[in-house]
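Based on the provided sequences and hints, a complete structural model is requested.
Protein chains in written order, with my numbering: chain A, 1 to 395; chain S, 396 to 790; chain G, 791 to 1165; chain Y, 1166 to 1540.
These are computed hints drawn from the structure, not numbers from a lab.
We put the CB at the ideal spot given by N, CA and C, even for glycine.
Fair warning: there could be bad hints in the mix.
Have a look at the derived ranges for each label pair, beta carbon to beta carbon [claimed, not checked]:
1) S:G660 to Y:S1338: 27 to 33 angstroms
2) G:D968 to Y:R1342: 48 to 54 angstroms
3) S:T628 to Y:P1437: 26 to 32 angstroms
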Amino acid sequence: MDIDFAPEDQAFRNEVRSFIEENYPQHLVGVDRGELSKEDFLAWHKILAKKGWAAPSWPEEFGGTGWTVTQKYIWNEESAAFGTIPPLPFGIAMLGPVIYSFGNQEQKDWVLPGILSGDTWWCQGYSEPGAGSDLAGLKTKAELDGDEYVVNGHKIWTTLAQHADWMFCLVRTSSEGKPQQGISFLLIDMNTPGIEVKPIITIDGGHEVNEVFLTDVRVPAKNLVGEQDKGWTIAKFLLGNERSGIAGVARSKKAIDRLRDIARGEMEDGAPLLDSADFARKISELEIDLTALEYTELRTLASESKGQGPGPESSILKIKGTEIQQRITELTMEAVGNYASPWVPQLDRGDNYLSIGPDHAEGASQSYFNNRKTSIYGGSNEIQRNIIAKMVLGL
Amino acid sequence: MDIDFAPEDQAFRNEVRSFIEENYPQHLVGVDRGELSKEDFLAWHKILAKKGWAAPSWPEEFGGTGWTVTQKYIWNEESAAFGTIPPLPFGIAMLGPVIYSFGNQEQKDWVLPGILSGDTWWCQGYSEPGAGSDLAGLKTKAELDGDEYVVNGHKIWTTLAQHADWMFCLVRTSSEGKPQQGISFLLIDMNTPGIEVKPIITIDGGHEVNEVFLTDVRVPAKNLVGEQDKGWTIAKFLLGNERSGIAGVARSKKAIDRLRDIARGEMEDGAPLLDSADFARKISELEIDLTALEYTELRTLASESKGQGPGPESSILKIKGTEIQQRITELTMEAVGNYASPWVPQLDRGDNYLSIGPDHAEGASQSYFNNRKTSIYGGSNEIQRNIIAKMVLGL
Amino acid sequence: MDFSFTEEQTLLRNMVQSFVQDNYDFDSRMKIVRSEEGMSREIWGHFAELGLLAAPFSEEMGGLDGGPIETMVIMEELGRGLVVEPYLPTIVLCGGILSRHASDAQKETHLPGIIAGEDVWALAYAEPQSRFNPADVLTSAKADGEGYVLNGTKAVVAAAPWASKLIVSARISGDQRDSDGLGLFIVDKSASGVATQDYPTVDGNRASEVTLENVSVGADALIGAAGNGLALLEEALDYGIGAVCAEAIGHMKCLNDATVEYCKTRKQFGVPIGSFQVLQHRMVDMFMEYEQSVSMTYMVNMKLTESEAERKKAAAGAKVQIGKSGRFVGQEAVQLHGGMGMTEELNVGHYFKRLTVIDTQFGNVDHHLKRFAAA
Amino acid sequence: MDFSFTEEQTLLRNMVQSFVQDNYDFDSRMKIVRSEEGMSREIWGHFAELGLLAAPFSEEMGGLDGGPIETMVIMEELGRGLVVEPYLPTIVLCGGILSRHASDAQKETHLPGIIAGEDVWALAYAEPQSRFNPADVLTSAKADGEGYVLNGTKAVVAAAPWASKLIVSARISGDQRDSDGLGLFIVDKSASGVATQDYPTVDGNRASEVTLENVSVGADALIGAAGNGLALLEEALDYGIGAVCAEAIGHMKCLNDATVEYCKTRKQFGVPIGSFQVLQHRMVDMFMEYEQSVSMTYMVNMKLTESEAERKKAAAGAKVQIGKSGRFVGQEAVQLHGGMGMTEELNVGHYFKRLTVIDTQFGNVDHHLKRFAAA
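Structure (structure tokens):
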């Protein structure tokens, strides 16, 4: 047991840090996610793709980096410390592993390169109005008609679908047996006739999620991943991966640093808010919880690197990670005091928009409201607790 | 809506205060409950009985005081402020209302006077090893044999049964139908052959609760209260009354005053602990929660006095009241720092016992451990939440 | 001690309740919020007609002689409707200061316009650096002949975009955070040297940054004695706390009802999600937070007219309760509504946002915990 | 970075675990606790035979050259058995101070007796007024020829009733809470002027109030340089924190396992209470608190040998985590066991009580939150 980095890891850290500093697009430094265009979202990804660093978690044979657990940890730390725009999870973190684990050779050949290069933007068609926490309750139907599936249904909470070229989608191909049976995993071209994307504006004033309506959408049968009616295994595999990436430790560290800077600048009765016993205590509590989560994640990664896959314990990472993110945004909003009130969401800003209050107050409340979603999505935190109760504690 | 006391209420407060000051037994001032003998427990009760104040909540016709809601509130405040030993609840608060609501004339005539005078010490035979939260699961059997019931079974958590003359007891007289059916409410003389009382020592080192074993205990059939097999209604009635008395607002106020005194005397780096921002915050939070509970109780009492009985809302009083009591004892233990560790329970003290550390540290941790019971007994706080969910929210 | 409402108070509640139900459903509210001005002068006119704008003023001034309990009843019902019209700043804050401390001449000049619904007022007391300390005032009031010249910046002044008049706190003497030396001044928003930057706020209201550059006001602009402004201001803010507590219990009640209703109908795993014990207990906790908040709201509104010390302690305690409970109820209402709770379409998020603003308004939980301990 | 145990560490764990299982079940433990002396010299002798008492000392001193990770492994297993024998005060605290800072002569004099299990040591550092500040020392050490004369009172000295030797912090110079001027002195408990009042503690251990009245010690009693005692003491307490964190995760693991097991078997309403979702989620929270505590325990024990600043921050953070988690797990384990959890008969309450003491030991959550913020 040892917490020190080996010299080669230190060297790797230096290499990574220099690469980011030298190559990260200038115009994206410090930019808020809500302000990004489609091109902005992809800019950094495309630079990483050229370097061969787009998919640190993939096996080398499919274009991954072959990094050790420690190297990946360092990569995340340095990316977060610099404040790079987090890579889009849909292709790299979600679909990629599904394709190289369950796809056939043809699918590997056409799907993986597009993810790596950033040329194909994927979105995730999982949730439905009647199937949220109970994902297996999904009703979107796909019926085989010759060598095409005809898809009809209604997906919801589809993140960034407004930019997507393709959607990976859970559909019901049979209504027999338990609800988990009869689900299939289908790849759908978003340009197919019959697909309509409708924005959902959320309480933070942003447009990130959408409804996707599918009406007689014809999808080639070869776009089926794995076996028909056996998609539930894939769905669960994907959700497991989703959980383990969700802790966001390195980004939360950076956010706490930023929070501390803000609290240093905000004055309470003439003294920095950071010097207030109450506020200092709350930041300390956050940092301690985050440190614990960091080591919990490191322990998980260490056992993964010994061939134990991400077990149900990884639900802890989702629960604690999102709770910490929510507390950071809540405390940041609290730090800016009265200037948490002004409310001009990105979408409502004209060209002559003048910011109100100190710069660091910008977006504090939007961020707080936006982050309420994190305990809901990716399997709500209640569902995660159900998973631990059942799978870990055997209750 | 008005928070001021009317002049006649002020006069009543003065009367009550003088009476307590003049009549409360000197040797019981400031004495801990754990140290009381049977006589000590009853001393104040007997003085009140002579004055006619033993049963403030009973109707006047049965020996109650006929006080208004406000007067009862004042009585509780003054009693707590002086620090009188809380009256034993078994007769006055629990059995009395059962007898005058469900008992026949004969029972009223022999049970109520003994309660009022303090000559009969009652204990409550409800819980069983297999019937805690699920009270209706009780198995103690009573079979009618001539004009006697023959009772066999095993009661547990019977508070102060070691001093009791009589026990009111739930027994199963029929095993047909739902578990709630077939329960009867029986009065049992603790001197009857076949009764064995066995002490349970709790984690605070005290002997307050007991097991009661009943083996072929013969109980006259006239000791049945209400109808045979219909005792569940009485049981629920009693539990409802138990809940509403359990908030303990006035006593918690007094305990917070004491906590503040302790924190004023304890030093942290040369300054009173009370001046520490962290500690002051925790006391303030407690006080605010207690104030809210006080007004919630007053609102409940006000609607009771308009003829609405204590509804399921009164479960709030149980939940919040016990949570506050637990937090007070926890914070008191925290206040005394290292001197929370010495551990010489009452039972283990010889005649030459020398106290350790400051006087105010005495019993702090015992009290903390003892109070863990409050969220378990009287229907656990989880059960209380079930009650609100079902009865108030209709879930 | 008495915890019941008078018949008049119950009638008042019923009146406001039906007006809001009939004229201020969620769609109408969002239309008003999204309109150019962001408030409805028509609704405000109706408030005047119904006598709501006259409620707390004395009869001789044309008012209805109501007290904090009447304000509480009104604010609770306005809270249920998420009403954005400026009852709090105009009637409770500015109206309250005028009715308690203005000279007869000032009252005669200003109250009729308020009661008639013609003038909206805003209280400009916070400053960019002041956080929650109303004594932290850099805006200066220099004596100039009979009157004063004001210079400074006021921050996040609620309802200022709609207002024709402001009450401005300014420092006549003393240092930045001295308790002595403040004055409260009536300032015409159209006066020369007054500039505003207007913007919407999180809760669907509007506010302004107000800059005062050599704004001249007469002697009749000063309310009360020179230098004594902080006492008047603190009192007004405590009345404001009583009012937002009432507004907040209106919000919480609606959120709790909506959540219970949603959980009874929303099905997952083939059963209503309200059948899951974890969610049931969560709703019980929301219910208890609401009940405790109601208690503290009654408490503070009964104590506003007691001694200054009692009033301060009551207001601080109530604000802590409402801050915590509002946060809990708001967050959990969103959580239990799942994705739906995250959408602009549903009223749930809007109650949550108003509760979030209330948590900060007049000082947040930490601020009032310290104030409570010191009181 | 490496999170795995060496083969030797795993063997060590297995050895301690089986010894505790075979020789220290709950009944045996309670017999020891209730015995006249309150510890078992026999068990202590076995510890010596097994090499546990030699673990952290250097090979040249007859030790096994173990570091904090070995201590962590041992303490976790002792925690599972609720072992009361004084491994923490004798080996971790006093042994640690001696091995890191004593002169060769002092080591040669004292370590053999410790390693052989002949001598129990206790660290007398707290005082009645000191609360959690180890610099707050009134006990005086006056230079007297080559040696010193000690006067003062030491509070709640764990294991002192069993000890033959004490390490006592005393002030050679400076004022009550100065960081400079402390010395750590080896004091024979039988020395003239040493008096103890012995008593049991909440966690089944024993402690003493120790008074020193004109106790003369030689120059060879002082450990390290005169006046530098605080640094040595703080370091020792941080090692103590690493050890009690490990002990506490042993307790939590046992409580969690016992609670899950109890909830699977205990029936109410015709079903195991573990089928109620609210209790399930409570146990999940207990599990998460345990996992987070394990993480912080690994963290602190890996960082004890890093720089002083890192060590302090790590120890403070870990102690906060263990304090909070231990409290939560202990309280909920009792709650979920219902009345049974309240009885002396069951081990649950005893784990809870030891966790409660650990929460205070070496400073409570508030103390270490401040220390963390300052580090």
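Evaluated hints:
1. Our hint of 27 to 33 angstroms for G660 (chain S) and S1338 (chain Y) holds, since their Cβ atoms are close to 29 angstroms apart.
2. One distance hint, 48 to 54 angstroms for the beta-carbon pair D968 (chain G) and R1342 (chain Y), is violated here, with the actual separation near 34 angstroms.
3. At roughly 29 angstroms, the beta-carbon separation of T628 (chain S) and P1437 (chain Y) lies within the given 26 to 32 angstroms, and the hint holds.
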